[in-house]
Amino acid sequence: MKGNLSTKKGFTGTHDKDNRGIRNPFEEFDTFTFHKTQIPLDQIIESTEVVMDQIRRGYEKLLEEEAKELVWMVQYNTIIKAYEVAEKHVREIDYSAEDIEDFCFALENTQKIPYFIPGPAGLYISALCNYAKEEEILLKLSELKTEINLIGFRLPKGKRLVIEGDAGDFTGIGLEGGELVVEGNTKNWTGAGMRSGKILIKKNIGLHTGEWMMGGEIYVGGRIRGLGNIVEGKVFEREKLVYPGKARHPNLYY
Amino acid sequence: MELYQFIHDHLYFNRPDLEIKGERFNSTILFSLLTGLKKGKELIIGEPGLGKTTSAEFVCSLIYQFPLGVIWGSEVSGHPEQTEEKIVGRPDLGKLNRGEEDVVWTNFSQIPTKIVDEINRLPETKQSMILDGVDRGNWEYLNEMIINEEYCLFATANYQDGGTNTIIAPLVDRFDVMVESRYPGANLSFLIGKSNRKDHILRHVKYEKELHRIFNAKTPYEKKIPLVEEVCNSFGEYIHETLGVKPLQKRDRQQIRLEMDDTDLDQDASAFTRMLLAELSFCDRYGQKRSLENCEEGCHYTGYLCHEIKNCASNRLPISIKQYGQALAWLLEDSEVDIEHVKSVIPYTLAHRTQWKDEIVSQRERSKRDDPFPIFLAKEAVKTVSQRYREQSEHLKDALAVGSKIFQGESLEPLEGDHPLYAEIKKDLSTQRS
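Sequence order for the protein chains is A and B. Residue numbering for the first sequence is 33 to 286, as defined by the numbering used here. Residue numbering for the second sequence is 838 to 1271, as defined by the numbering used here.
It is worth saying that the hints were derived from the structure and are not from the lab. Treat the hints loosely; a few may be bogus.
Partner residues are not named here, just some residues of chain B that face chain A (Cβ under 10 Å, in silico) [claimed, not checked]:
1. L930
2. D972
3. F1244
Here are the simulated distance ranges between beta carbons [claimed, not checked]:
4. E1170/B - K172/A: 52 to 60 Å
5. P72/A - D1207/B: 43 to 51 Å
6. S1172/B - P72/A: 53 to 61 Å
7. K1194/B - P72/A: 29 to 37 Å
No residue lacks a Cβ here, since even glycine has one placed at the ideal position from N, Cα and C.
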């Protein structure tokens, strides 16, 4: 049998504190003090928010530093300069591929980010992709209302970036050996200046495709509106080689 | 625990089917023991021949020191021709011839260990005959009454067949727990067939005759009790000497009950039980659950148990939970009834009392399970509420603590929350304020 338990109060309680004869049904919780318990989800949300804040701050700094340079005017030297600034901020952040996708949506949906300029945003996202730990990155952007420009800029060898949805102008420019897959359409200047690697566009592509590309391959599942002045490399339209070849002329509209 | 182990090792062979705080138990033996210790009422269901009655007999014999022969002679078996005279008592015919009215009480009404075999073979109209006795230990016949100060009740029920009836709702509600005496598996079953001595080790012909004589004597019931206790103690000593296990004397049982009553529910056990009760009784639209009212289409509280059941939890449910929680905590030598204790006993206190909606039954009756369907559903319900409690426990306890402060006159607002318990707290406070 158990030890002496006589010091404890009776099970049903014995006294009323309110003197009205009605028993306080919550009396046994008088001694309760609230401790906020953190469930694993809380911690995940908290850490995601910390990372998102860092990513956002990096983007804001890029905008501040590069505002004067009007990077969205897209001159190649300003793009390179802006990308270097983006690289500098991105290197200091510990993030995952999911955070990149969250940032893309945060650009559109949160008041915390003052500007969503498709050019700098695309450069910054490209830097995030290029410096991510993961070799393969999937960004589900089909719900995004704005197409992001410059996505896949300088995607290095060994990286595979898959975009679900459409991308904007200058997609995959300066590609450096990586593989860029766009499940939807892309606009003009796709793959311009790319050196090596592979770009796969599942649907249609705009004008100046592969302008000044120096190597690599562009595969288009749909139609190409116009080819740019290609230096080196291959372009396929619906599995048919269109560059090098006689069938297409630069910027032929059809 | 010594008695549990003895029954498990020598008398009732079955597999453990319940784990509490890392210890494995057979639910039939465990709940029968707790019923005997706590003066409870247990319904044992199962297929014929799977030890429903014998498990209860062994427990009764060891906790109350009655030889099996006396227990057998006091059992009531359910059949359509059963009468009040065979269950409760009959007129003393000799005295009646002399124009005097006197009652000869049955062994069943006098013995503290009451076993009703196959209760669902009693027609529904005759089940109400034993309602009062079952509930309060009051047995009335003609104008006389005896009151059992100490008693426990075990009733067995077969699954529905041609000869069974439904157990009426008020009688079902009076059972604290329901367990299944299940098939022990081919190997243990084979072992049971090999040993046929186990019925005899708890018998003693001399003491059986002596006890029958006392029960049949025409002395007042109150005067028989000490005499019965004396013989029982002698039988208890005999068992101790021959089997090495010590049955419980009356003073042991009283001491155990005192210690059990002194074991409080801790805050989590209390808050969890309140949370469950709120879900089993709450209706935003009609004030409370009622079995004749249906849930409103698109009700905000569709995610809670109130949306899955038809009836309202009775006041006997929390009593059973507390009693068996205390008994279990005592058995495990814990100083408080904690949430693990209540979570372990609740499915067995809830299974027979809950009427699930037809759609819930049809959704889940084919689910893979080890337990009989009502116990399975009750265990699933406890799992669901446990999940909610894990997420909300601190806020719920805070709401109850704030409720206490408001009750004592502090000027605070009751805490808001989605769970029905928040609404119940508000109701209590508004009643108190008005």
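Comparing the hints with the structure gives:
no.	hint	verdict
1	L930	violated (47 Å)
2	D972	violated (20 Å)
3	F1244	holds (5 Å)
4	E1170/B - K172/A: 52 to 60 Å	holds (56 Å)
5	P72/A - D1207/B: 43 to 51 Å	violated (30 Å)
6	S1172/B - P72/A: 53 to 61 Å	violated (31 Å)
7	K1194/B - P72/A: 29 to 37 Å	holds (33 Å)
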